[in-house]
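**Student:** These are the residues of each chain, in order.
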Amino acid sequence: MSRAAILHGGRRAGSTAAALLAALALGIAPAHADRSGARHATAVVASTGESLYRSICQGCHMPDGRGAAGAGLYPALAGDAALASTEFVALTLLQGRRNMPAFGGPPDPDPFFNPNPPALNDEQIAAVVNYVRTHFGNRFKGSISAAQVQALRASLPAR
Amino acid sequence: MREPGPIGAMTRRELLAMIGRTAGGAAMYQAMAGLGLAPETSYAGPVQLDAAPPGASVLVLGAGIAGMVAALELRDAGYRVQVLEYNARPGGRNWTLRGGDRYTELGGDAQECRFDPGLYINPGPWRLPYHHYGMLSYCKRLGVALEPFNQINYNAYLHNSKAFGGKPQRLRTVRADYHGHVAELLAKVVRQGVLEQSVSAEDRERLLESLRAWGALDKDFRYVQGPESSDRRGWAVHPGGGLSGTPVPSEPVALSELLRSNLWTALMMGDVYDMQPSIFQPVGGMGRVGEAFGRELGGLIRYNARVIRIDQDERGVSVTYEDAAAGNARQTARADWCVCTIPLSILGQIPIQVGGPMLEAIAACPYAAAVKVGLQFKRRFWEEDEQIYGGITYTDLPIETIGYPNHGFFGSGKGVLLGAYCFGPDATAFTAMAPEERVAKAVEYGAEIHPQYAAEFDSGVAVAWHRSPFTMGCFGNWSEAARAQHFRALCEIDGRIVLAGEHASDLPAWQEGALTSALDAIQRLHRRALAAGAKA
Numbered sequence: 011m012s013r014a015a016i017l018h019g020g021r022r023a024g025s026t027a028a029a030l031l032a033a034l035a036l037g038i039a040p041a042h043a044d045r046s047g048a049r050h051a052t053a054v055v056a057s058t059g060e061s062l063y064r065s066i067c068q069g070c071h072m073p074d075g076r077g078a079a080g081a082g083l084y085p086a087l088a089g090d091a092a093l094a095s096t097e098f099v100a101l102t103l104l105q106g107r108r109n110m111p112a113f114g115g116p117p118d119p120d121p122f123f124n125p126n127p128p129a130l131n132d133e134q135i136a137a138v139v140n141y142v143r144t145h146f147g148n149r150f151k152g153s154i155s156a157a158q159v160q161a162l163r164a165s166l167p168a169r
Numbered sequence: 146m147r148e149p150g151p152i153g154a155m156t157r158r159e160l161l162a163m164i165g166r167t168a169g170g171a172a173m174y175q176a177m178a179g180l181g182l183a184p185e186t187s188y189a190g191p192v193q194l195d196a197a198p199p200g201a202s203v204l205v206l207g208a209g210i211a212g213m214v215a216a217l218e219l220r221d222a223g224y225r226v227q228v229l230e231y232n233a234r235p236g237g238r239n240w241t242l243r244g245g246d247r248y249t250e251l252g253g254d255a256q257e258c259r260f261d262p263g264l265y266i267n268p269g270p271w272r273l274p275y276h277h278y279g280m281l282s283y284c285k286r287l288g289v290a291l292e293p294f295n296q297i298n299y300n301a302y303l304h305n306s307k308a309f310g311g312k313p314q315r316l317r318t319v320r321a322d323y324h325g326h327v328a329e330l331l332a333k334v335v336r337q338g339v340l341e342q343s344v345s346a347e348d349r350e351r352l353l354e355s356l357r358a359w360g361a362l363d364k365d366f367r368y369v370q371g372p373e374s375s376d377r378r379g380w381a382v383h384p385g386g387g388l389s390g391t392p393v394p395s396e397p398v399a400l401s402e403l404l405r406s407n408l409w410t411a412l413m414m415g416d417v418y419d420m421q422p423s424i425f426q427p428v429g430g431m432g433r434v435g436e437a438f439g440r441e442l443g444g445l446i447r448y449n450a451r452v453i454r455i456d457q458d459e460r461g462v463s464v465t466y467e468d469a470a471a472g473n474a475r476q477t478a479r480a481d482w483c484v485c486t487i488p489l490s491i492l493g494q495i496p497i498q499v500g501g502p503m504l505e506a507i508a509a510c511p512y513a514a515a516v517k518v519g520l521q522f523k524r525r526f527w528e529e530d531e532q533i534y535g536g537i538t539y540t541d542l543p544i545e546t547i548g549y550p551n552h553g554f555f556g557s558g559k560g561v562l563l564g565a566y567c568f569g570p571d572a573t574a575f576t577a578m579a580p581e582e583r584v585a586k587a588v589e590y591g592a593e594i595h596p597q598y599a600a601e602f603d604s605g606v607a608v609a610w611h612r613s614p615f616t617m618g619c620f621g622n623w624s625e626a627a628r629a630q631h632f633r634a635l636c637e638i639d640g641r642i643v644l645a646g647e648h649a650s651d652l653p654a655w656q657e658g659a660l661t662s663a664l665d666a667i668q669r670l671h672r673r674a675l676a677a678g679a680k681a
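If you read the sequences in order, they're chains A and B.
Per the working numbering, residue 11 is the first one in the first sequence, and the count goes up by one each step.
Per the working numbering, residue 146 is the first one in the second sequence, and the count goes up by one each step.
Pulled out of the complex, with its shape left as it was, chain A reads as follows:
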């Protein structure tokens, strides 16, 4: 268990159930049980790019995709030329970028307390990439498939 974890005092009973309920509350289908039987605290299973954006991404990038500015910035996705590359967006989701956490998992095995962000699978990553590149006024060509995300994921160094 990560130390940061317990410190803040968030350990609790049965967070798998919590994750499921959070997912249900947001209209996302519940997670499948992990095949290995391992504790699976953070899985959010298949959903559309839009529902994933609304339940995760807009927390920082805002509902209109225009980001926000305070002491620092959350970059706008609307009109961001970097989104021209499907791989750039997919890698950012998989690995995180600076203060942005990684959404590529693996799910936190700690059933009591989980400070890490939701872990998205290949289909979900592809759905989010394709969504942000074609909304908020963005009209970038092309798309990425789950298989391509899987290949990208496989090319990454182990974390």
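Keep in mind the hints are simulated off the structure, nothing from the lab.
Keep in mind that the hints are not guaranteed to be accurate.
Said to hold, decoys possible - Far from chain A, some chain B residues (derived; all Cβ distances over 12 Å): (1) D246; (2) L287; (3) P293; (4) G310; (5) R357; (6) S389; (7) A399; (8) L445; (9) R451; (10) T477; (11) A478; (12) A599; (13) S604; (14) S613; (15) A676.
What the hints assert, rightly or not - To list a few chain A residues with every Cβ distance to chain B over 12 Å, as calculated: (16) G59; (17) D90; (18) A91; (19) G147; (20) R149; (21) S155; (22) A157; (23) A161.
Claimed, not checked - Quick list of the computed label-pair ranges, beta carbon to beta carbon: (24) Q421/B to K151/A: 54 to 62 Å; (25) G558/B to R149/A: 32 to 40 Å; (26) Q498/B to F98/A: 25 to 33 Å.
We treat Cβ as the ideally placed atom computed from N, Cα and C, and that holds for glycine.
Once you've looked at the hints, dock chain B against the given chain A.
**Tutor:** Positioned in the frame of chain A, the structure of chain B alone reads:
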């Protein structure tokens, strides 16, 4: 451990004072640890800096706990100190929301806290464990009054929406039944002689007696409905006076049901080192600490200052900032040295003239999500109806936590609960909601535990830390691998700049981590300043 008392002709106090005077705080601390007086921590007592080089100056970035500890000690050592702070108030994440406070989050959603006088929530840290010596010591120095924080309340709940028909269980009964069943099982095994290899014949009887005492077993080493178990888990009819006071024992929950409920997972919360009693909170809210530091530092802090650039050369440090109180006019502050406590989530976006290793370290730390929701109710129903006085309920619902106020007990007016305190995926989902939706969801989920919510709810306020304009996240969530790779480079002095904060500590997310990080940084910086000599 030796008994307290004289050591030879000197008292311990005299001995420690002598060591402190001659060898410094760190040596005194080691001596204390050797005498069994202090467990391991990095707070080594009040920091002792010699006089600063004449005319030397330090710029401190950020007026949170780390920045203000650094500023106070450097000022006292004789440095000319200036602090630049983004917010219009001191404290940073040390912060309390009270009635009348306004908070505008990133994205522009503004909330006004409508709590009654004396009621509050702490959106950030809310407890001070007894071994966070640094925080407790500064509270004493600054006159911040402390009161007990109840981490453990045997009458608060553990709740799994999918167990016991969704009915919350008292911590008291879950704890008693878990210990009782485990003790009974172990006693059975011991009596069957299965543990002969591990337990000697003479220890066997002692172990059995200890299991009976620990688990509240009956004379036959069974955990069953009866006076022994009810003395732990509570009675069906409580003992009382006269003819109506005959007690009736309560019935323990079966082991299998208890195990399947998963509620045992939260039993060890109060056994975790940072959660063990005694724990304290400032009277009036955690923000009293930051406010006290702010008063102490007075005009040294420049508020509404948004740092946009940090440069250094062989002569000093130059920081460019926008003054929000003056139409975002660009200003430059200069000093010989700089202690930068800006969260890495923001520092990573500010051009800063440091070497590659520190830049890589700054960029290597994602920030964890956390959300707190404060809910005001028309009455303190948790006390009046459920006899819950302070402490915490843990639940599998996305709110994760309900915190009951540890002050104002038995008050007849309104009361404020911490209606949600969540992390990770739950916090991410709450962050993506508008503030009023977070409050509504916290009320909806909490009503599964306290049905009174529906009738008694009054108003609420919700803080999602990734929407905080001054931190953009809750705390530096170092992975073990990234910490191993970058932590040293993050903390080492780069030219004339040193970083401090909870992100530069092995006690992330705790104020004590920020504080000890600042003391560690300024002691190293001070040595470097002395070596560089007068007016460098």
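**Student:** A separate judgement is required for each hint: does it hold in the structure or not?
**Tutor:** How the hints compare with the structure:
Distance to chain A confirms D246/B as a non-interface residue, since its nearest Cβ pair spans about 17 Å, more than 12 Å. Every CB of chain A lies more than 12 Å from the CB of L287/B, the least distance being 23 Å, so the non-interface label holds. No beta-carbon of chain A is positioned within 12 Å of the beta-carbon of P293/B; the least distance is around 16 Å. At the 12 Å boundary, the C-beta of G310/B stays outside the reach of chain A, the nearest C-beta of that chain being 14 Å off.
With a least CB separation of 28 Å from chain A, R357/B remains clear of the 12 Å interface cut-off, as annotated. Residue-level check passed: S389/B sits 37 Å from the nearest beta carbon of chain A, beyond 12 Å. Residue-level check passed: A399/B sits 18 Å from the nearest beta carbon of chain A, beyond 12 Å. Listed as a non-interface residue, L445/B keeps its Cβ farther than 12 Å from every Cβ of chain A; the least gap is roughly 20 Å.
For R451/B, the requirement that its beta carbon stay farther than 12 Å from each beta carbon of chain A is not met, with the minimum near 6 Å. Remark: the non-interface label on T477/B is consistent with the geometry, its nearest Cβ contact in chain A lying 18 Å away (cut-off 12 Å). A cut-off of 12 Å between C-beta atoms confirms that A478/B is not in contact with chain A; the least separation is 16 Å. No Cβ of chain A comes within 12 Å of the Cβ of A599/B; the nearest lies about 18 Å off, and the non-interface call holds.
Every C-beta of chain A lies more than 12 Å from that of S604/B, the closest at about 22 Å, which supports listing it as non-interface. Under the 12 Å C-beta cut-off, the non-interface status given to S613/B relative to chain A is violated; the minimum distance is some 8 Å. Every CB of chain A lies more than 12 Å from the CB of A676/B, the least distance being 33 Å, so the non-interface label holds. In this structure G59/A is separated from chain B by more than 12 Å, as the shortest Cβ-Cβ distance comes to about 14 Å.
A cut-off of 12 Å between C-beta atoms confirms that D90/A is not in contact with chain B; the least separation is 15 Å. At the 12 Å boundary, the C-beta of A91/A stays outside the reach of chain B, the nearest C-beta of that chain being 18 Å off. The Cβ of G147/A lies farther than 12 Å from every Cβ of chain B, with a closest approach of about 18 Å, so its non-interface assignment holds. No Cβ of chain B comes within 12 Å of the Cβ of R149/A; the nearest lies about 24 Å off, and the non-interface call holds.
Listed as a non-interface residue, S155/A keeps its Cβ farther than 12 Å from every Cβ of chain B; the least gap is roughly 25 Å. Distance to chain B confirms A157/A as a non-interface residue, since its nearest Cβ pair spans about 26 Å, more than 12 Å. The beta carbon of A161/A is kept farther than 12 Å from every beta carbon of chain B, the shortest such distance being approximately 23 Å. For Q421/B and K151/A, the hinted distance range of 54 to 62 Å is satisfied, since their beta carbons lie about 59 Å from each other.
The given range of 32 to 40 Å is broken by G558/B and R149/A, whose C-beta atoms sit roughly 57 Å from each other. Restraint check, Q498/B to F98/A: a C-beta distance of roughly 28 Å satisfies the suggested window 25 to 33 Å.
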